[in-house]
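Once you have looked at the hints, place chain B on chain A.
These protein sequences, in sequence, are chains A and B.
Positions 738 to 984 (this note's numbering) are the ones given, in order, by the first sequence.
Positions 481 to 830 (this note's numbering) are the ones given, in order, by the second sequence.
Don't read these hints as lab results, they were simulated from the structure.
Quick caveat: nothing in here was measured; it's all calculated off a predicted structure.
Do not take every clue at face value.
Said to hold, decoys possible - Restricting the straight-line Cα-Cα distance to at most 20 Å, the calculated cross-link-like pairs of lysine to aspartate or glutamate (EDC-like) are: (1) A/K956 to A/E901; (2) A/K956 to A/E971; (3) A/K956 to A/D883; (4) A/K868 to B/D726; (5) A/K753 to A/E816; (6) A/K844 to B/E695.
Unchecked claim - Anything over 12 Å on all C-beta distances counts as not near chain A; from chain B, calculated: (7) P537; (8) V547; (9) C550; (10) I551; (11) V565; (12) H567; (13) L590; (14) L711; (15) S714; (16) G737; (17) E752; (18) Q757; (19) R775; (20) P791; (21) M803.
To be verified - Covered stretches of chain A, as calculated for chain B (at least 3 residues, CB under 8 Å): (22) 747 to 753; (23) 786 to 793; (24) 818 to 827; (25) 849 to 858.
Even glycine gets a Cβ: it sits at the ideal position worked out from N, Cα and C.
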Amino acid sequence: MTGYSAYESGFSFLRKTIRLYEQPGFFLVLAAAGLFLIILLGMQSGRLFLAFPTVFFFLTVLNPFVFPAFIRGGAVSGEDYYRLLWLIPYGMLIAFGTITLAYRMKKGLPRNIFYLAVLVVLGITAVPSLKTMADLRLPSDIYMTDEQLQMVCNYIIDESGIDEPEVAFDNEEYRLSAREYSAALRISHLFEDAGDTASVQAMNKSLRAWHPDFIVVRKESDAASYLDELGMSEEAYTREYLVYRHT
Amino acid sequence: MSLYFRTGLAAVVELMVLFLVGGLAPFGSRSGKQSVSETLCAGFVIYYAMLEVTVLPLAWAGVSLYVIFCIWAGELSLMCAISVVLHFRGFFAEVGAHARKYRFAAVEFLLVLAGAGAVFLAVLIPSGRDVSGTIAQMTTDLYHDSAGLVGGLYGETLTSCPMPVMLSRYHIGAEFYCALFEIPCLTQMKLVQQGINVLLSLLIAHRIFYRLTGEKRVPSAIGAIFYIVLLFTSRTSFSSAGVLVDSAWTGNGMLVGILLPGLLLILLGLYEEPDRQQLHVLGMCAGVAAVSLSRTSIYLFPLALCAGIIPLVISKREPGLIMHALLWMVLPLSASVLCVLHPVLVFAAG
Numbered sequence: 738m739t740g741y742s743a744y745e746s747g748f749s750f751l752r753k754t755i756r757l758y759e760q761p762g763f764f765l766v767l768a769a770a771g772l773f774l775i776i777l778l779g780m781q782s783g784r785l786f787l788a789f790p791t792v793f794f795f796l797t798v799l800n801p802f803v804f805p806a807f808i809r810g811g812a813v814s815g816e817d818y819y820r821l822l823w824l825i826p827y828g829m830l831i832a833f834g835t836i837t838l839a840y841r842m843k844k845g846l847p848r849n850i851f852y853l854a855v856l857v858v859l860g861i862t863a864v865p866s867l868k869t870m871a872d873l874r875l876p877s878d879i880y881m882t883d884e885q886l887q888m889v890c891n892y893i894i895d896e897s898g899i900d901e902p903e904v905a906f907d908n909e910e911y912r913l914s915a916r917e918y919s920a921a922l923r924i925s926h927l928f929e930d931a932g933d934t935a936s937v938q939a940m941n942k943s944l945r946a947w948h949p950d951f952i953v954v955r956k957e958s959d960a961a962s963y964l965d966e967l968g969m970s971e972e973a974y975t976r977e978y979l980v981y982r983h984t
Numbered sequence: 481m482s483l484y485f486r487t488g489l490a491a492v493v494e495l496m497v498l499f500l501v502g503g504l505a506p507f508g509s510r511s512g513k514q515s516v517s518e519t520l521c522a523g524f525v526i527y528y529a530m531l532e533v534t535v536l537p538l539a540w541a542g543v544s545l546y547v548i549f550c551i552w553a554g555e556l557s558l559m560c561a562i563s564v565v566l567h568f569r570g571f572f573a574e575v576g577a578h579a580r581k582y583r584f585a586a587v588e589f590l591l592v593l594a595g596a597g598a599v600f601l602a603v604l605i606p607s608g609r610d611v612s613g614t615i616a617q618m619t620t621d622l623y624h625d626s627a628g629l630v631g632g633l634y635g636e637t638l639t640s641c642p643m644p645v646m647l648s649r650y651h652i653g654a655e656f657y658c659a660l661f662e663i664p665c666l667t668q669m670k671l672v673q674q675g676i677n678v679l680l681s682l683l684i685a686h687r688i689f690y691r692l693t694g695e696k697r698v699p700s701a702i703g704a705i706f707y708i709v710l711l712f713t714s715r716t717s718f719s720s721a722g723v724l725v726d727s728a729w730t731g732n733g734m735l736v737g738i739l740l741p742g743l744l745l746i747l748l749g750l751y752e753e754p755d756r757q758q759l760h761v762l763g764m765c766a767g768v769a770a771v772s773l774s775r776t777s778i779y780l781f782p783l784a785l786c787a788g789i790i791p792l793v794i795s796k797r798e799p800g801l802i803m804h805a806l807l808w809m810v811l812p813l814s815a816s817v818l819c820v821l822h823p824v825l826v827f828a829a830g
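Same shape as in the complex, but just chain A:
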């Protein structure tokens, strides 16, 4: 508990999380206003099912004095904590708060003018969002992967003659994304087993253990020189990568 304080671990963490992950401050203020309107003027069902849960969450999992223990207990990780903010029904609080306030107004023109004013405010806030949406474009590459990776994958799939070739990539990012490009590839654990600082002996041992059909390494990597020392020669190459076939 040394050095622990509710302020350092709780308030600042919550403030940072809300600032990073949640709605712009303007909407948080509107949601708070909606909450107070529902508590003060709303019907019982609104108080029970919108206001109570919100207050409940701020007293429990979003309470700066409580949640540090919640995180340390392992119930939710610090990285995933922002997801607890999804429990707060911001949109419903604002919308229902507006309806609640409108129903305290005189029926007819005043109420309609109020609805119109709210829609205008929402419309103004929608402008930046609409501008962003207008700028959205489909990517030219639907796989959203590296061009070098696509070239290597295409070569292996076209030339291997194997239905589901097993491939060892020394680039960890490729190991994680190659199957997003083609599910026909199986990814070998060769380099995870051999490690980044592998020696020729370690590489030889791993090759005997894993038997990948293809090995893809960066041109400047140590692995390329180890494979050369083991008597393997590259079958193909791109600007940055060498492709070896393991027999």
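The following block gives chain B in isolation, referenced to the frame of chain A:
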């Protein structure tokens, strides 16, 4: 048929299936009327609960995705057939005597079952295998999990899922329509699924406002309009609105945008009629469906349920509802325990 036509057809069929499945455990209301949005909400909850109940044990047993597709097609046919018969039960009751009624019902059931099953299976057989591969391509979760748990079997998830806790099971439900209508995976997920989910979210929000305002039409409609405008204007990358609008096709999007509001709708129904059995069934299904959609649900769902059930128990003075709520949470809580125990078991095993 053009891609646009097939995509539109997929959306219509998916909504029809949700509507029919929702007819199995209707929300109901005091007035006896069943709204379209509540039927669709019930359909969503039952659909994903059944998917979870089907896929999880099969995936655990290492059954291939293709076989899972075919079994799921059979189940959907069965559910649709039962729903059609239930919808027309009143019609048959008026047609004639009891024996005749049941004979008609049985014939109708068999016809619908055979028709739906034949359509589903006939279309799945040629294209199911391709879609199995596409799923493995799309669901990197499957890949990551297999990497972590099965060691050297990278890529084995192409046709089978040997890991005990397989994520993204809900993809199988969505990809089913890719196979049926031969539409690309991205089109299905990010157009059909996204559109249907945002629509469902809006319909559920409207129904919540309708119930909260004491069944007033105009304010509930205005509330729903405000709500949808707010979703679009207030969203940021990781906010609840952002997750719903921009990633409505993902499990988290469905959890935040449909399932948790759906849970609120179920609780509002119980607030009106605490004894209504269908609502307890739906609540339990919601717990099961939540686990199918996202791992985040294992703490979000119990928290949301606690926050909703406490005021219900206090206002109705019915402590028995707590027992029901615990039943609803059986699967999310079991999944929580499994997630905590799983690394320990893996460590102990190896």
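Q) What are the numbers of the hints that this structure violates, sorted from low to high? A) 1, 14, 15, 16, 17, 19, 20 and 22
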